[in-house]
Amino acid sequence: MSKHEPHPMTPFEVLRLDHVVFRVGNPQRSIDFYREVLGCEIVRRRDDLGLIHLRVGVSMIDLVAVDGPLGVAGGGAPRAEGRNVDHVCLRVEPYDQAAIQAHLTRLGVSITDIAAHNFGAEGVGPSLYIKDPDGNTIELKGPAHADERPGA
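In my numbering, the protein residues as written are 3 to 154.
Some hints here could point you the wrong way.
Quick list of the computed label-pair ranges, beta carbon to beta carbon [to be verified]:
no.	residue 1	residue 2	range
1	Asp98	Asp69	37 to 43 Å
2	Ala148	His89	22 to 28 Å
3	Glu38	Pro10	44 to 50 Å
4	Glu15	Arg57	19 to 25 Å
5	Val74	Glu15	17 to 23 Å
6	Glu83	Thr107	25 to 31 Å
7	Pro10	Gly77	19 to 25 Å
Because the hints were derived from the structure by calculation, they are not lab data.
Quick caveat: nothing in here was measured; it's all calculated off a predicted structure.
Built from N, CA and C at the ideal position, the CB exists for glycine as well.
With the hints as extra help, turn the sequences into a complete structure.
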């Protein structure tokens, strides 16, 4: 089976991550984080639902206020003892670790982990991890090493 053929029992193929939804305690704080730290832009707001759509490359991160109409259905707010998601990986280009670290430091964002050889959709390559204001882990992933790409 080629990488572009769906599984024989599946009538479709998954092309990429479309969006991830995070339940957040302070929507404006989260908007500020995703805009300033990751360069995301707001593409749509549904204030009637407590929902903000942010563009992240070809995908989206949606923020849902925990006290809004959609958010209350998920129970209590995310906290250290209970997460909604383990982490989301965002493929970034260029992956200049020193420049990324300087940017994060300037904004007061701590790196929680760095991996030189981390497996992802394109193969094995570098990545680092940060947390958003609600404690959601975001992995910033660079390109796969040339000798560690699938088929290499």
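Consistency of the hints with the structure:
no., hint, verdict
1, Asp98 / Asp69: 37 to 43 Å, "holds, 39 Å"
2, Ala148 / His89: 22 to 28 Å, "holds, 26 Å"
3, Glu38 / Pro10: 44 to 50 Å, "holds, 45 Å"
4, Glu15 / Arg57: 19 to 25 Å, "holds, 23 Å"
5, Val74 / Glu15: 17 to 23 Å, "violated, 35 Å"
6, Glu83 / Thr107: 25 to 31 Å, "holds, 28 Å"
7, Pro10 / Gly77: 19 to 25 Å, "violated, 38 Å"
The structure fails to meet hints 5, 7 from the earlier list, while all remaining hints are met.
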